[in-house]
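Take the given structure of chain A and dock chain B to it, following the hints.
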Amino acid sequence: MDAFYASVEQLDNPELKGKALAVGGNKERGVVAAASYEARRFGVRSAMSSKLAALKCPELIFIKPRFDRYKEISQQIRAIFFDYTDLVEPLSLDEAFLDVTINKVGNPSATIIAQDIRRRIKEEVGLNASAGISYNKFLAKIASDLNKPNGQAVIHPSKAEAFLEKLPIEKFFGIGEKTAEKMKRFGIYNGLDLKQFSLQFLTKQFGKTGIHYYNIVRGIHMSEVKPNRIRKSLSAENTFDHDLKDRKNLLEALIKIVDELKLRIARTKVEGRTLTLKIKYNDFTVQTRSKSYDQTIRVEQLLEIVETLLDQAPVIFPVRLLGVGISNLNNPPNMPEENKQLKIEYKNF
Amino acid sequence: MKFIVSSSALLKQLSAINGVVTTNPVVPILENFLFEIKEGKLTITASDLQTSMMTEIDVEAKEDGNIAVPAKILMETLKNLPEQPVTFSIDRDTYSIEISSDNGRYKLAGENATDFPKIPTVTNATAVDMSSEVLSNAINNTIFATSNDELRPAMTGVYVNLSATNATFVATDGHRLIRYRRVDIASPDAASIIIPRKALNLLKSTLPSDNVPVTVEFNSSNAYFNFSNIKMICRLIDERFPDYENVIPVDNNNNMTIDRLEFMGSMKRIAIYANKTTHQVRLKLAGSELQISAEDLDFSNEANERLSCEHDGEDIEIGFNAKFLVEMLNNISAKEVTLKFSAPNRAGLIVPSDKGENEDILMLVMPVMLNNYV
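Going down the list, the sequences are from chains A and B.
Per our numbering: the first sequence ends with 354, consecutive numbering throughout.
Per our numbering: the second sequence ends with 382, consecutive numbering throughout.
If you're looking for bench data, these hints aren't it; they were derived computationally from the structure.
Nothing here was measured: the structure is a model prediction, and the numbers come from that model.
Check the hints yourself; a few may be wrong.
Stated by the list, open to error - Which residues of chain B face chain A? A partial, calculated answer using Cβ under 8 Å:
1. 251
2. 286
3. 329
4. 346
5. 350
6. 357
7. 374
8. 375
C-beta: ideal position from N, C-alpha, C; glycine also.
Chain B with its partners taken away, still in its complex shape:
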């Protein structure tokens, strides 16, 4: 079996799916790309059993055939070759692969393609369409708040709930919660799934920056994403997601509105002086002045800044993990944000002051107890 393909065109396709390949896979064959040629079309598959990605590229080939090609060595070869057509010659009996370029010849040991795990196909799926931009936004707005606690698998993914009028994406790590809702995605069939973080991270880096349509299909065990010439299949997290709606307070009436970038900048500076394990910063709201301070008693470090804000409510002092706040503020695009409090030991809410079109975002963060409150 033999085929010819442009080195850079092939590299581009491989790079798009290479993130799936793990360094220490469950089965060694998963260190390979699966190459399948049918009528001049090369389909490349990478998988870690949980997540699989496929892409297609046209090649010059006289016959059909399959081979598993070691991913790392192939990627590195292509990265270091100047753009040119390269010829792959595969020995069907020994699975040996020879790549010839203008620069020379490279021989590597492939594996039998039939040993590569079968990738599940779509059955009984619910389908929903969205644009890559919308999907990217939904991922970027939630993924940072997922947990990496293997003991609570439900929290290691993003929960997606589809209804007839909207789609809700939720992530929580037990300390904070992000609820991102879009009214431009909907499905007549109500459904909810939990998509694992790894798959979403891969999507995040692979979704094209130009706006292309994405088809998402899912059944009870897998989700399928289809865009441009790329397909991704991931196993869903089969767990119950925590009842998040009930923990979102409805009576947080102590509101502060502030310039997001100013607030975030101040928070980043103050955080440098905070305790290295708790990252605790103190927000003191008095009238229309917000005082942000932190101290690290172990090193005798302390810092203090004052910002003006719009404030509607009683004076309040509340502590938060600065890292959480910075991360959350960084994921909002609005110029101003509103923070809604009730008490120093109750959840605080952050919402953008002006909503984006079709989207609604709510962030919840639990405080860090202040020593003068308990």
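Same shape as in the complex, but just chain A:
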């Protein structure tokens, strides 16, 4: 979806149409979660601090996100996808991979299916969508960015390698800012540069992901479209309107975050064995502290563990963001029950 959150806001409130719009944050604080195309013209980007965004675009309108509404629209869009295939792997609220090799409409052309899906989203939901078409997830994702907004692109198997060779390294899906920086230190600026390095070198430098980098630049990505993404962690965090300056405020904030996490745990019914506390300082450095247990952590223990982690090492005030998450999930509800070690069911314990 193009500028998803911002487009939804413009859809629901016609007065916002054609205006520079940022969802998330306010003039002083927070980060931009999404920017309308009008705002992007000023250089406003998602994940940019809202302070900087306001500097770049003085008439920028900040809107509070309404996630429930975005989720609702996301489900409408997903329902359209399911008319074409059951192999839908959601990547986020507004992105998904679809495997249409075999599809419900019996159309052999992925390009035509993409056109049809985009037309229906426009007609039924009222939003613009873009699509990328190729023979694996990695290339499809890259293709989807090529003719944004409101467009689509195909990367043909015969052209994939040549295309990737010219692609700047930071445009590779899955290569973020940090990895791109590291690659550039080795002189890797585009796909062709990356291709020059041996598998051995890449695994030495990047570990297991090195194999992935070696493959994708050759257009190889074997990952299937998985209808149910297996959840690996669950967390809640908050960037504060004003930096926290003492332990008392910190604890109060943590209680709220833990409450939110508890809600999310109750909703998703996951159980984790590792708890992580994330602290972002006002110089944007991030610290994480975590503790793992042999057994799953119960919700009523969360706060106690968070406090232990908090006292594990001094906190340098002021603190900008706090987050609490569980990972090492034991039995995600969408995982099969097989091979699971059963527990003794003690009453009230």
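Chain B only, in chain A's frame:
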């Protein structure tokens, strides 16, 4: 202050209680042994605040006195000295300690004995007597099933329930449960306590192999163990123990009796081929044949063995963690064991086919789900 003692006799006493001393104690003085001399008797104490152990030895001393002696350096000195009388001379003002032997002199810095934490004494205690052999058995049969999950402190110890007719020792880690009952230990005052694993481990290694009487006393906060010339005091786990009786199934009627060593041997071999995280093995009971198998899809490993057994019940396939089974089988002394099942997703029970005198042991283990059952 000065005293003379045999190097090896002292080492023997120190070794018995040295396990209490931790490398990184809450208070630094706990890296020391507390030496207290009174009328020619040296009492040595080691403590980590939760658990404390004391022992006594006769020494040649003209006067009474106290000093805290660094445990590690003293132990190592004594371990490396040939057997001989050694003289300890302590400077009361500087707490400096000089040990003299035939080989030479060693000087180390002690600490003021009054800084050593006070060890709690017995008050309002319930007492019960048993032999060291019985206590050792009770510990060995249960301790391996305790949990090391700090989040469930009750499970990190062994629950002991005393009644007028018997004593029950229970350990559980949430996946298995051991209930060990003895009819030769009883107390007119019914009571239940949870003894922490560290204390039991220390007892396990310190209880003498020759059968000596042990007095166990406890109140609501501490337990005291007294045997030979050793005393141990430990803080109890002040938590509610899970209601274990209610989780022991009473309708497991699918019974298999098998030679314990044969079964365990097979299990150990098959376990090598099992998945490294689940340690899942599959038991397939058909008639009087038990087929044990495992596979590790990640490495394309698989193994399969067949054993004969006595079986009374329907054919059944059930998965277990091989490590759990091996550990449990290893802690039973009977020649044959009986496994009692009901369903592949319900607890299995293991009991020895013939009970030892005065004792009754029951082991419960939860299955690992098989992929063809769910």
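Structure-based check of all given hints:
1. 251: At about 6 Å, which falls below the 8 Å cut-off, the nearest Cβ of chain A leaves the hint on residue 251 of chain B intact, so it holds.
2. 286: holds, 5 Å
3. 329: holds, 6 Å
4. 346: violated, 20 Å
5. 350: violated, 13 Å
6. 357: violated, 12 Å
7. 374: holds, 4 Å
8. 375: holds, 6 Å
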